[in-house]
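Asks: Join the two chains into one complex using the hints; note that each chain is given alone, in its own frame.
The primary structure of each chain is shown beneath.
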Amino acid sequence: MSSKRHSILPAVSAGPKPPVHFSSSITIADSALLTGTNLITISSESVIHPRAKLDSLAGRITIGRRCVVHERTMLGAIGTSGKVTEQAVTLGDYVTVEVAASIEAGNTIIGEGTTIGVGSKIGAGAVIGKHCTLTPHTEIPAGEVVPDFTVIYSNGMRRIDKRGVADLKNKGQARQIEVLRRMIPTNPAKFA
Amino acid sequence: MSRRPPRGEYIETDTGNKVARKATLVGTQNIMLGGKTVIQPEVMIRGDLIRSIQSSSSSSSSSSGTPNNTAVAIGRYCFLSRASCLRPPGRLYKGAFTYMPLRMGDHVFVGPSSVIQAASIGSHVYIGAKVVVGEFAIIKDYVRVLDETIIPPNMVIPSFSIVAGQPARVIGEVPEGGHEAFELRELYKTVGNNPQPAAS
Chain A
1008 MSSKRHSILP AVSAGPKPPV HFSSSITIAD SALLTGTNLI TISSESVIHP
1058 RAKLDSLAGR ITIGRRCVVH ERTMLGAIGT SGKVTEQAVT LGDYVTVEVA
1108 ASIEAGNTII GEGTTIGVGS KIGAGAVIGK HCTLTPHTEI PAGEVVPDFT
1158 VIYSNGMRRI DKRGVADLKN KGQARQIEVL RRMIPTNPAK FA
Chain B
210 MSRRPPRGEY IETDTGNKVA RKATLVGTQN IMLGGKTVIQ PEVMIRGDLI
260 RSIQSSSSSS SSSSGTPNNT AVAIGRYCFL SRASCLRPPG RLYKGAFTYM
310 PLRMGDHVFV GPSSVIQAAS IGSHVYIGAK VVVGEFAIIK DYVRVLDETI
360 IPPNMVIPSF SIVAGQPARV IGEVPEGGHE AFELRELYKT VGNNPQPAAS
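Taken in sequence, the protein lines are chains A and B.
Residues 1008 to 1199 (the working numbering) are what the first sequence spells out, left to right.
Residues 210 to 409 (the working numbering) are what the second sequence spells out, left to right.
Just so you know, the hints here were simulated from the structure itself, not pulled from any lab data.
Keep in mind it's a predicted model, so treat the numbers as computed, not measured.
Treat the hints with caution; some may be incorrect.
Unchecked claim - Derived lysine-lysine pairs resembling DSBU-like cross-links, with alpha carbons at most 35 Å apart: (1) K1137(A) with K303(B); (2) K398(B) with K1176(A); (3) K1169(A) with K1137(A); (4) K1024(A) with K339(B); (5) K1176(A) with K1137(A).
Unchecked claim - Computed Cβ-Cβ distance ranges for the label pairs, DEER-style: (6) H388(B) with T1092(A): 51 to 57 Å; (7) V379(B) with K1176(A): 26 to 32 Å; (8) G1150(A) with H388(B): 49 to 55 Å; (9) P362(B) with R1189(A): 20 to 26 Å; (10) A1149(A) with P250(B): 30 to 36 Å; (11) A1199(A) with G387(B): 52 to 58 Å; (12) K1176(A) with N402(B): 45 to 51 Å; (13) V1172(A) with E382(B): 34 to 40 Å; (14) P1192(A) with A305(B): 17 to 23 Å.
A virtual CB, placed ideally from N, CA and C, is assigned to each residue, including glycine.
With the rest of the complex left out, here is chain B (with noise of 0.2 Å):
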């Protein structure tokens, strides 16, 4: 006989990404997920904010139906934490308001119960918890986000930096043999329908 397999907290897409069924995704076909990407429960991922203007030359390519729609697109092995919330930027761009894509690079981790509204985060970054990234912030790799930090508006933060306080200020660098620390390949593995007990 048949038998289902029993409903896990999350789904597992082919192609390694495990989303959390509690997770709140809105608009999910403009969300790119790079793969192997963990999303946790009450997780909100804006995905209807996609950008209003669209430039010329996008309607004259006839290879793609739709012009590219992305509203949030996220790298490999990213780790978003309970309650953290990603949702576009948002701005006034020649006389009219439009949202712009949130990009992400790999090996991201998004601490619980934090705002990200950035307009790019590279590679290798740890975001705390309880976070704030304003509206089209820029954060380069490589860096370290302590708890609690409000990053205003606009901020770029340079790469291999630490970064606390409100508002946020670099405190500190990223020590040279610091950059293993940024790998997510373990913790992916921990979390799921048949977590791995977490390498010791």
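One chain only, chain A, in its complex shape (with noise of 0.2 Å):
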């Protein structure tokens, strides 16, 4: 490759260009994706990987402190339900979600402290607890409530998480989002 070009990066037709609330300490890589109408509000710490698609058209958006939003996620696909609430998606802090995953609007709230594997799917209206983990490649139907500090795993199982480990890894959580701060670049001023 030359050494002169740093990254490709196809252009990718955007949407309208959504008002945003962005706290200053955030991380939000430059071919991040928001489009919609609605409110997005970022607070702080908060890391967005490039190529993630965070749609406010059927509601608003609400990213809690120190998440990260690894790439090619969507939060705030349109499901089938199709319908249009105040709050598209709410994530709490310290909430983590794995590449391709998809969070569907509709009042869908994902608790504190919660990994959403690689490639899940949320339904729409979803409630996800404190603490989970959710495997890679789990879907959760429209409008489950899953209880706190739960695992789900292999098609669907479930068990209770009984290690207590919450509060390491909320400060391992920091510490990614330390090194992260440093390495993508950031540019919330595209977006403002």
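Replies: Structure representation (structure tokens):
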């Protein structure tokens, strides 16, 4: 590859530019995709990787503190019900949304400290409790309520996470965010 | 009169790599392609997630201007299918979070929509569609990973195994005569701006 080129990022067609409310300490990659008409709020020290897509057509998106949203994710996708509510997607603090995960709009709430695994699909209106772990490719049907500290694995089986490591996970996430803030060139001004 | 050649779907480098124009490669200076590798459209490779802790020995070597910052190293004749994603695995190491390089061997086929976060993948590996390889997994040589497998983090898959399921389990072994099936030279010729028909 030519050394002058730093990245190959093909252009993606964008929708309407949404109103945003960013904290000053967030890291948002240049090629993150923010579309929609409602407010997108990102609280302090959260990280949005390149090519993450936040769509607020169906309602507001609120992302808590110290969240990490990886690439190819889709927050606020309009599901089959197609309903438009005031608050589309809410992420608590310390939430990690892994690569290619998809969270549908419609009052979907993800509790604090939860990890949404690679490629998972969260249906509209689902409520995920705190410090849950969703393994890759988990599908949560619409409206489902997942209690706190649940681990969902292997095609819908569940168990309760009794390790008591919630604090350690949060500290680990804070360290990860420190490193990511240095690595991902941030450009919040592009979306303001 | 001069006429520019028509823009093909792939960029062909002089080492024979075929990279699609619509692939997303972030941080290309940290991505090493071995040669004769095919990268299809919509592939995403995160080369910007480099190792953040540099060992002290690398700073003392004066021959290299910058420490080796490879994020993703890919061997020869690899094939990355559509919408797959390669990203280096990250962990808390000695108190700080750091990303480790992702190393792939030769003749690795990555199926469509797969997400690879392994630490290392050996040579002649076939990875099916929609596979998720967890962080710091190690896949040895001549392994066949079937479609929709989910390989948990830190799993080590021995050579010559066939792996499937969620979570992944070794379900069989590659038969004695099955080694030729992993060769990807023919597949490399069928892709690109001048695709040759597949040898039947």
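Asks: Each hint: holds or not?
Replies: Each hint, compared with the structure:
no.: 1; hint: K1137(A) with K303(B); verdict: 28 Å, holds
no.: 2; hint: K398(B) with K1176(A); verdict: 47 Å, violated
no.: 3; hint: K1169(A) with K1137(A); verdict: 13 Å, holds
no.: 4; hint: K1024(A) with K339(B); verdict: 32 Å, holds
no.: 5; hint: K1176(A) with K1137(A); verdict: 12 Å, holds
no.: 6; hint: H388(B) with T1092(A): 51 to 57 Å; verdict: 56 Å, holds
no.: 7; hint: V379(B) with K1176(A): 26 to 32 Å; verdict: 30 Å, holds
no.: 8; hint: G1150(A) with H388(B): 49 to 55 Å; verdict: 50 Å, holds
no.: 9; hint: P362(B) with R1189(A): 20 to 26 Å; verdict: 24 Å, holds
no.: 10; hint: A1149(A) with P250(B): 30 to 36 Å; verdict: 32 Å, holds
no.: 11; hint: A1199(A) with G387(B): 52 to 58 Å; verdict: 56 Å, holds
no.: 12; hint: K1176(A) with N402(B): 45 to 51 Å; verdict: 48 Å, holds
no.: 13; hint: V1172(A) with E382(B): 34 to 40 Å; verdict: 37 Å, holds
no.: 14; hint: P1192(A) with A305(B): 17 to 23 Å; verdict: 20 Å, holds
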